[in-house]
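Hints given; two lone chains; assemble the complex.
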Amino acid sequence: MTKSELIGEIAAANPHLQQADVEMIVATIFDEITAALARGARVELRGFGAFTVKRRDARTGRNPRTGETVPVDEKFVPFFKAGKELRERINAGTAASLAEKS
Amino acid sequence: MQTVTRAFLTEIIYAQVGLSRNESADLLESVLERMCQCLAEGETVKISGFGTFSIRQKGRRIGRNPKTGVEVPILPRRVTVFRPSHVLRAHINGETPSGADEA
Chain L
1 MTKSELIGEI AAANPHLQQA DVEMIVATIF DEITAALARG ARVELRGFGA
51 FTVKRRDART GRNPRTGETV PVDEKFVPFF KAGKELRERI NAGTAASLAE
101 KS
Chain R
1001 MQTVTRAFLT EIIYAQVGLS RNESADLLES VLERMCQCLA EGETVKISGF
1051 GTFSIRQKGR RIGRNPKTGV EVPILPRRVT VFRPSHVLRA HINGETPSGA
1101 DEA
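Note that the protein sequences, when read in sequence, are chains L and R. Following our numbering from start to finish, the first sequence increments by one per residue and tops out at 102. Following our numbering from start to finish, the second sequence increments by one per residue and tops out at 1103.
Pulled out of the complex, with its shape left as it was, chain R reads as follows (with noise of 0.2 Å):
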């Protein structure tokens, strides 16, 4: 299956809105661009139909070189956490998409 990529996303947006390929290319980057800022911020992003991206924090743990058993401490971080919304689980799984959460 082919993997979608922001070229893909270009012509569609392309197509569907009337602006030039070029115009269409920025604005797609432009959105992308704001939601990498907000993450950057710690701010979550909720997308309402689609999921919410959100920031986690991580605690220092040891983990281990898998290949040497060699053990190597993991610095406290950041994570970038998606949580799909319903509507988005029941269209990968072919369902109509309701308003009854089934899970």
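Okay, chain L solo, but in the shape it has when bound (with noise of 0.2 Å):
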């Protein structure tokens, strides 16, 4: 599914919302997550997941096609850490899950 597929699905279910307000506020959920992030917050969404940023160390790499090495800055990267409910539901049925409840 593409964001647009969900912005489609949401506003077939609400026939009372413009399109364009549903597209308004698909966009702003994901580009507050975003901002969140930007500024270094988490985003904790119960049910479904934990969006968190690492930090990664600089460290010097390496050009893989001719062996110089490079240094690579230190960064920050995002992290998903999906929740109980969402790690329940897409284990439904698996060995794994029967195993939980036993």
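Rather than coming from a laboratory, the hints here were simulated on the basis of the structure. Owing to the predicted nature of the structure, the values given are computational and were not obtained by experimental measurement. Treat the hints loosely; a few may be bogus.
Claimed, not checked - If you want a taste of the chain R side facing chain L, the calculated C-beta under 7 Å gives, among others: (1) VAL1004; (2) THR1005; (3) VAL1017; (4) SER1020; (5) CYS1036; (6) CYS1038; (7) VAL1045; (8) ARG1078; (9) SER1085; (10) LEU1088; (11) ALA1090; (12) ILE1092; (13) GLU1095.
Said to hold, decoys possible - Pairs of lysine to aspartate or glutamate, EDC-like flavour, derived with a Cα cap of 16 Å: (14) LYS1046(R) x ASP31(L); (15) LYS75(L) x GLU1095(R); (16) LYS1058(R) x GLU88(L); (17) LYS1046(R) x GLU1033(R).
In this text, a Cβ means the ideal position worked out from N, Cα and C, and glycines have one as well.
This is the structure:
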């Protein structure tokens, strides 16, 4: 599913809304998550998951093609951890979920 | 730094779109719920400019309780993986996202 399909489905389920409004809502959600992460905040959406930012220290990398060493600066990477409910739902019916219940 | 939650996102949607707070909260919920449904069905969710959520199948392996050292089998399971788009990565590193992929 892509963002435009998501928007289409939400719009179809809410006929009283304009497609443009739904587009704005969906854009706002992801823009705000992005902005929060950019200022170093954590985003926690219970049942869905949590977005955090992890720091990667500076290191000396190597160009795999030429073998020459290149300095890689410290950087920050976004990280997503699925929430409990999502984790259970994607595993519903698997051996792992059945074992957990017993 | 304050953690962003549903309440915060609801407030922003309320302020930006001009729906009631209740309806803003419901719409946020339906977006998250629809994404969960797709993932539960094993479908990949691609949000351009943000990232891709996909499901990866993990095989059975032997784990160990780090406290007691007892071996326990970890059964095959599915996990969600999120691959951030380069636009999101750039934002987080305070760069202006451009089309050019440096990495």
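Unsatisfied constraints (hint numbers, rising): 4, 9, 11 and 13
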